[in-house]
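Just so you know, the protein sequences line up as chains A and B, in that order.
In terms of UniProt numbering, the first sequence has 190 at position 190, counting the first letter as 1, and numbering is strictly consecutive.
In terms of UniProt numbering, the second sequence has 72 at position 72, counting the first letter as 1, and numbering is strictly consecutive.
FYI, nobody ran anything at the bench for these hints, they're computed from the structure.
Any given hint might turn out to be false.
In the BS3-like style, the derived pairs of lysine-lysine whose C-alpha atoms are separated by at most 30 Å in a straight line are [to be verified]: (1) B/Lys323 x B/Lys275; (2) A/Lys323 x B/Lys275; (3) A/Lys275 x A/Lys323; (4) B/Lys323 x A/Lys327; (5) A/Lys283 x A/Lys323; (6) A/Lys283 x B/Lys283; (7) B/Lys281 x B/Lys323; (8) A/Lys283 x A/Lys327; (9) B/Lys283 x B/Lys323; (10) A/Lys281 x A/Lys323; (11) B/Lys283 x A/Lys327; (12) A/Lys283 x B/Lys323; (13) A/Lys327 x A/Lys281; (14) A/Lys327 x B/Lys281; (15) A/Lys275 x A/Lys327.
Quick list of simulated restraints, FRET-style, between CB atoms [as the list claims (entries may be wrong)]: (16) A/Gly181 x B/Arg326: 48 to 58 Å; (17) B/Lys283 x A/Lys323: 57 to 67 Å; (18) A/Lys323 x B/Asp284: 15 to 25 Å; (19) A/Ala371 x B/Gln115: 57 to 67 Å.
Glycine is no exception: its CB is placed at the ideal position from the N, C-alpha and C atoms.
Protein chains: 2
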Amino acid sequence: MTRLPGADDEKKRRPWGALAVGGVLPLAVIAVIAATVSGDWSKGATGKTSSHGLDTSGHFLLATALILSAARLGGVLAEWVRQPRVVGEICAGLALGPSLFGRLAPDAADWLFPQSVQQLLNGLAQLGLVLFMFGVGRELSGMRLRGAATQALLISQASMLVPFALGTAAAVLLLDYAQDGVHSLAFVLFVGCALSITAFPVLARILTDLGIIRTPVGRLSLFASAVGDGGSWLILAAILAGARGSSPVGLLVNGLAALAITLFYLGPLRRFLVKWSMTGKDKDGTTTMVLLVVLVTGTAALTASIGLHQLIGALLVGVAWPKGNRKAVVAAEHLVSTAASVLLPFFFFGFGLTLDLGALQWGVPSLLALAGLLTLAVVGKVIGPGLVARMTGMPWRPAFTLGVLLNARGLTELVVIQIGYQAGIIDRRLLAILTLVALITTAMTSPMLSLFGLKPDSAPSDAAESSEEAELVGTGSTERG
Amino acid sequence: MTRLPGADDEKKRRPWGALAVGGVLPLAVIAVIAATVSGDWSKGATGKTSSHGLDTSGHFLLATALILSAARLGGVLAEWVRQPRVVGEICAGLALGPSLFGRLAPDAADWLFPQSVQQLLNGLAQLGLVLFMFGVGRELSGMRLRGAATQALLISQASMLVPFALGTAAAVLLLDYAQDGVHSLAFVLFVGCALSITAFPVLARILTDLGIIRTPVGRLSLFASAVGDGGSWLILAAILAGARGSSPVGLLVNGLAALAITLFYLGPLRRFLVKWSMTGKDKDGTTTMVLLVVLVTGTAALTASIGLHQLIGALLVGVAWPKGNRKAVVAAEHLVSTAASVLLPFFFFGFGLTLDLGALQWGVPSLLALAGLLTLAVVGKVIGPGLVARMTGMPWRPAFTLGVLLNARGLTELVVIQIGYQAGIIDRRLLAILTLVALITTAMTSPMLSLFGLKPDSAPSDAAESSEEAELVGTGSTERG
Numbered sequence: 001m002t003r004l005p006g007a008d009d010e011k012k013r014r015p016w017g018a019l020a021v022g023g024v025l026p027l028a029v030i031a032v033i034a035a036t037v038s039g040d041w042s043k044g045a046t047g048k049t050s051s052h053g054l055d056t057s058g059h060f061l062l063a064t065a066l067i068l069s070a071a072r073l074g075g076v077l078a079e080w081v082r083q084p085r086v087v088g089e090i091c092a093g094l095a096l097g098p099s100l101f102g103r104l105a106p107d108a109a110d111w112l113f114p115q116s117v118q119q120l121l122n123g124l125a126q127l128g129l130v131l132f133m134f135g136v137g138r139e140l141s142g143m144r145l146r147g148a149a150t151q152a153l154l155i156s157q158a159s160m161l162v163p164f165a166l167g168t169a170a171a172v173l174l175l176d177y178a179q180d181g182v183h184s185l186a187f188v189l190f191v192g193c194a195l196s197i198t199a200f201p202v203l204a205r206i207l208t209d210l211g212i213i214r215t216p217v218g219r220l221s222l223f224a225s226a227v228g229d230g231g232s233w234l235i236l237a238a239i240l241a242g243a244r245g246s247s248p249v250g251l252l253v254n255g256l257a258a259l260a261i262t263l264f265y266l267g268p269l270r271r272f273l274v275k276w277s278m279t280g281k282d283k284d285g286t287t288t289m290v291l292l293v294v295l296v297t298g299t300a301a302l303t304a305s306i307g308l309h310q311l312i313g314a315l316l317v318g319v320a321w322p323k324g325n326r327k328a329v330v331a332a333e334h335l336v337s338t339a340a341s342v343l344l345p346f347f348f349f350g351f352g353l354t355l356d357l358g359a360l361q362w363g364v365p366s367l368l369a370l371a372g373l374l375t376l377a378v379v380g381k382v383i384g385p386g387l388v389a390r391m392t393g394m395p396w397r398p399a400f401t402l403g404v405l406l407n408a409r410g411l412t413e414l415v416v417i418q419i420g421y422q423a424g425i426i427d428r429r430l431l432a433i434l435t436l437v438a439l440i441t442t443a444m445t446s447p448m449l450s451l452f453g454l455k456p457d458s459a460p461s462d463a464a465e466s467s468e469e470a471e472l473v474g475t476g477s478t479e480r481g
Numbered sequence: 001m002t003r004l005p006g007a008d009d010e011k012k013r014r015p016w017g018a019l020a021v022g023g024v025l026p027l028a029v030i031a032v033i034a035a036t037v038s039g040d041w042s043k044g045a046t047g048k049t050s051s052h053g054l055d056t057s058g059h060f061l062l063a064t065a066l067i068l069s070a071a072r073l074g075g076v077l078a079e080w081v082r083q084p085r086v087v088g089e090i091c092a093g094l095a096l097g098p099s100l101f102g103r104l105a106p107d108a109a110d111w112l113f114p115q116s117v118q119q120l121l122n123g124l125a126q127l128g129l130v131l132f133m134f135g136v137g138r139e140l141s142g143m144r145l146r147g148a149a150t151q152a153l154l155i156s157q158a159s160m161l162v163p164f165a166l167g168t169a170a171a172v173l174l175l176d177y178a179q180d181g182v183h184s185l186a187f188v189l190f191v192g193c194a195l196s197i198t199a200f201p202v203l204a205r206i207l208t209d210l211g212i213i214r215t216p217v218g219r220l221s222l223f224a225s226a227v228g229d230g231g232s233w234l235i236l237a238a239i240l241a242g243a244r245g246s247s248p249v250g251l252l253v254n255g256l257a258a259l260a261i262t263l264f265y266l267g268p269l270r271r272f273l274v275k276w277s278m279t280g281k282d283k284d285g286t287t288t289m290v291l292l293v294v295l296v297t298g299t300a301a302l303t304a305s306i307g308l309h310q311l312i313g314a315l316l317v318g319v320a321w322p323k324g325n326r327k328a329v330v331a332a333e334h335l336v337s338t339a340a341s342v343l344l345p346f347f348f349f350g351f352g353l354t355l356d357l358g359a360l361q362w363g364v365p366s367l368l369a370l371a372g373l374l375t376l377a378v379v380g381k382v383i384g385p386g387l388v389a390r391m392t393g394m395p396w397r398p399a400f401t402l403g404v405l406l407n408a409r410g411l412t413e414l415v416v417i418q419i420g421y422q423a424g425i426i427d428r429r430l431l432a433i434l435t436l437v438a439l440i441t442t443a444m445t446s447p448m449l450s451l452f453g454l455k456p457d458s459a460p461s462d463a464a465e466s467s468e469e470a471e472l473v474g475t476g477s478t479e480r481g
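The following block holds chain A by itself, in its conformation from the complex:
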């Protein structure tokens, strides 16, 4: 503090003056004014509503806290029974909806989650979902194959095409579950697509927990899921373009637009992003973060406008986003992990709201459809790639371990079937059936692996080591899929 020389005397006296000017005087002014205007207190008492009711904002915040707590509780319970966390989080979302909570306590559910609040929560879910899909896109393009290319490609195509074929075959018998007005071809292909999905992030998490992410089987399963899912998303995009039932000319225009957008994103835009992220202009990294969100949401809106689903656009940005630059990678992992932890539970909640598992008449046909689709999903994913792996020289045991790993469908499957439901392809009953297929195939992965002698506890030191590996392939930041 700069002080004037010889000002010590003054200094001792001045605090009181300063207190008077800065404290007592203004307080006196406030007190006099308050006394002047406070004569009519009783008048004010009639004004506003009761203080114990929550307004929309308050309800929204309460619902936010509840949904996040329930999701985390579900995740912890799932880990406790040696299941991927996402299985518990999805179940928590279903439990908060009409399937359980709304059935047991409909009044409480209406009070906690009124219609006006559901819209606010939906905003969080939508943002979380496009950021999740951005993360899926990053993972698909981030895979690098080391050695055994022919074998890996053969296994990848089998892991996608075999369940796809079984799904389309089954779908012919399930045409009753298509929504009105949708073309049978779109429906049949969609069901095939739904069975062919593997959840890359859940798979990476399981491999890390088992300590086998660095083994040939681990690497192969990750590669196969990335290639297979890439193919499934392409087919899904084609189905959506067709399912909207435009004229052939409209379809052609939309298809060409989609092609042009894809080429632009993977060519010039990708090069621009790489170049831009190298310049180092963005000192605090916030511009990169905002650019990412703007690109993801803007592209999502763009693809939605040409008849593809918005999530395809978000996926495309993930594929195009630079991988080599530290700032770009940090921004992406920052947003994807925040979205996975804090925003995706609202998607599970919204999903649970649309799905009343109990209200569906679970008659013999539905149960048969569930049993059939579940069997085909498991057989297609386990036998198809397993057989091909065996035929290309892998011993039986790792070959079928691979198949079991590729059977985890997780969250990615949920996203796919919700897209199909929203696009008017599958009806509410098939949505419920495929939700159960997704949950059951994900939940059965760990127990089935135990049958092959693989248990999380059997390789604790490996697991710690290999979690670094998971970071390298870009999956360390999220355990969802």
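Use these hints to put chain B onto chain A, whose structure you have.
Relative to the frame of chain A, chain B by itself:
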């Protein structure tokens, strides 16, 4: 890859078998099924709506991309004219609302931001706002004073009480701008409160840019703004409790509840959080992040239910959140910086939607009120603390530099006046007037400092050094206030 010995011959032949099983066969199945069901393509064409219309999700994503782009553009333009970024972002929010965009192109505004989409965007704004307030709470409690305690406290109280007193005095003449049914005392105190706010984060940013954050004036201004704003929020809480017009008994119950909550959060809960964050149970940090969001939203709902504003609860969690543990600090900065960059622009947008600056009849009374409040706001913040600083031994020039610094109100002021508007204290006209006061006082800080010989370019090396210091006091992650 484990291979059986002598299996080389087989290996060369088998790929074709594998290709047949995993690729050709399933493709053939899919092709046959597709051909079977695709006879009735024309039927499907009548089903769904046109492919070029965006549904609500598409509109939401488009609006998200637009709002974030506009905010970033505003921020860049503001920095270009040597203003804090937040001034540009607020202006961008106002420009997208009925004040500018809605006036120039009402049809385009309706199409881009339909009512259904505004609700979705509002969810993002609400979450951003509570996380911002959490950050404000952290900063208030993170201040440590080094030396000159008496002087610092005297300046702090003057920086809060002098503009407060001037605001209450002016408010007596402005009772016409109170909402119907609100008590005059609440209104008068609220206007005082609104003038007494300083924006801590904007202040820290300006100090860093000027390279004076380590000087006595820099430290003193930060301390004074933290203490002063703490006091202002306490008074605001009391006003809100009273303004809702409950019965005296209800007020007493709510007041006791607020006291109990505060004591619980700053005592047992704070100790629990510190202890919990030390255990290291949360390996990937996501549990800490979810815990933070649940605490912030849950507490916000709790304080809203006892008649205080939800943002007071979010502030309280910020004060109670542990500061010493790395994981807790990382989670907090992660979320606060994401909220500041990606979510707060939606608050500015929502704020801009409620405020039509042009539709207010800017007659002589409104302009007089604006001029008067603006003058009192500046005089109170500059003269009050400046005089007290001078009286406690500081030379004239740094004393008034301090006053000018404390005059930046920024985003914090916007939050306060929106609370007052929502709580039914001030009307729409005074909301507009105080918004302009907030913008003008923030924007005038840099030019006024130039008058005192302080320019960002005059100390470039200092500025680089002192940005570390800004991190130390916990303000490096956000430049908003």
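What are the numbers of the hints that this structure violates, sorted from low to high?
2, 17, 19
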